[in-house]
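Trainee: Could you put the whole structure together from the sequences, leaning on the hints where they help?
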Amino acid sequence: MSVIDAHVAAGDLPDLPTLGVDDLLRTLDDVGVERAVVGPVGRWVAVDNEDGNRTLAGWVGAHPHRLAWWATVNPWYGRDRAGAELRRAFADGACGLKLVPSVQGFGLLSPLLEPVLDVVEEHGRPVYVVTGVPVASEPLQLAELALRRPGLRFVMGRSGRTDFSLDLLPALTTGPNLVAETAYNGAALITRLVAELGPGRVLFSTDAPFNDARLELERVGRAGLTDADRAAVLGGSATAVLGATW
Amino acid sequence: MHTHLPALASPEWASWRQAGVLAAMDRHGVSRAAVMTLDGLGYDAPAGNDVVAQACAGSGGRLIPLGTVDPRRPDAAAEVHRCADRGFRALKLHPWMQGFSPLEPYMDPVAEAAIEHGLPLVVHDGTPPYASPLQIARLAGRFPELRVVLAHGGLFDLWEDAVAAALRYPNVHVTMCGTAPGAIFRRIVAQVPVEKLSLGTDSGFGDPDLPRHRLSVHRAILAELPGDDAAALAHRNAERLLGLP
Chain A
1 MSVIDAHVAA GDLPDLPTLG VDDLLRTLDD VGVERAVVGP VGRWVAVDNE DGNRTLAGWV
61 GAHPHRLAWW ATVNPWYGRD RAGAELRRAF ADGACGLKLV PSVQGFGLLS PLLEPVLDVV
121 EEHGRPVYVV TGVPVASEPL QLAELALRRP GLRFVMGRSG RTDFSLDLLP ALTTGPNLVA
181 ETAYNGAALI TRLVAELGPG RVLFSTDAPF NDARLELERV GRAGLTDADR AAVLGGSATA
241 VLGATW
Chain B
1 MHTHLPALAS PEWASWRQAG VLAAMDRHGV SRAAVMTLDG LGYDAPAGND VVAQACAGSG
61 GRLIPLGTVD PRRPDAAAEV HRCADRGFRA LKLHPWMQGF SPLEPYMDPV AEAAIEHGLP
121 LVVHDGTPPY ASPLQIARLA GRFPELRVVL AHGGLFDLWE DAVAAALRYP NVHVTMCGTA
181 PGAIFRRIVA QVPVEKLSLG TDSGFGDPDL PRHRLSVHRA ILAELPGDDA AALAHRNAER
241 LLGLP
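Those protein sequences? They're chains A and B, same order as listed.
First residue of the first sequence? That's 1 in the UniProt record's numbering, and the numbers climb one at a time after it.
First residue of the second sequence? That's 1 in the UniProt record's numbering, and the numbers climb one at a time after it.
By construction, these hints were calculated from the structure, which means they are not laboratory data.
Check before you lean on any hint, since a few could be wrong.
[Stated by the list, open to error] Using C-beta positions, here's what the derived DEER-type ranges look like:
(1) 64(A) to 61(B): 54 to 64 Å
(2) 245(B) to 17(A): 35 to 45 Å
(3) 47(B) to 47(A): 52 to 62 Å
Bear in mind that the values here come from a model prediction, so they are computed numbers and not experimental data.
Where is the CB? At the ideal position from N, CA and C, for every residue including glycine.
Mentor: Set out below in structure tokens:
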């Protein structure tokens, strides 16, 4: 069974671990994950978007059969600068846009975001949003955004942790353009996500190196999914949602 | 250091048996567990405490009863005394479930009664407002004789605040319990003196698979520590906080 990790973290955060591309591939090998989508963190998200985007494009260029990447742009760079960098990143092979509202300093319902989302929609790509920080990125804010932008697909990154676990299902069931990831969810909740959303809207992810990838994979194994559903969650759904060509 | 009884209206409570819980603890290699109410945080604190007392009785000391009080109620301190008299080892408070702020004056008689009996306050933290680690730490600052446990170490995004609180106030302790990635727990261990740390699973609340996952994360961290530090984190600190032999 082909396993795809829809989000591993790349870049430096103060005090937290980071993986270079070689260590990342070794970690994936150890756990049995064939492919992963790397998403930027830290200064690459906050301010140095192009540096991060080019670095991750380089990783993927060197390992095109193992890796894909989420690009990011900070909407505060404005329609022209953010839009231009995002177009460049998509041309460079990014599979979608990652947003971290609490780090990038905007609310999910801010008009600031609209021109950036227009570019994503033009390209038919998904948007991965780190949710769970009150004020900036609550699950129901992403659900409202999904209602406003039915032409876009949004991944509920980090599943509203913490402490919006009670909001998760009400938010994800708001519309068909909301997609769940498994990281941070218990096995029983993963079972419910698959039952309520269908396996095509649930993506396996680890958020390694912050989480132990093996433990994240193990709890998907304990979710009691049928073989077909497990295959979708572990890889098929990601291929469809991300449109990754590997 | 952090488990809950299921809510009384839940199917989990209908099938709750002390022997089953003790057997599950054996399977997971857990010797003792601090037991807290869920219902008592949302409904009636004394009634929740009564259920905790019954659930822990006859467990041979393996289930450690923790009580709760509704700080807004004028009889909150009286319930602290009642908890102490029946052998409860600490008090659990949950600002957002119980609808209070740790900074408000009605906390004073609760804190004073807890000090009188040497009961630590275990306070849910990591969820603003009113459960930010630094808000809870101010209560510890106002009552230096009170031991205050941040029950989740900032939960996730506020872990740096939990570390700051533990370093600022000698009487602030941290339980590593919740959704935070293992990488964050490792940073807490690296930054906070180990004698202030304990482990919890939140078992009984939320997904039934979480205790297993969280114990796997905890065990990986314990395996990286020198023996004395691992023992302190795994049980000695909790035993000291709860006054256990």
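Trainee: Run every hint past the structure and note whether it holds.
Mentor: So, going through the hints one by one against the coordinates:
no., hint, in the structure
1, 64(A) to 61(B): 54 to 64 Å, "holds, 59 Å"
2, 245(B) to 17(A): 35 to 45 Å, "holds, 38 Å"
3, 47(B) to 47(A): 52 to 62 Å, "holds, 53 Å"
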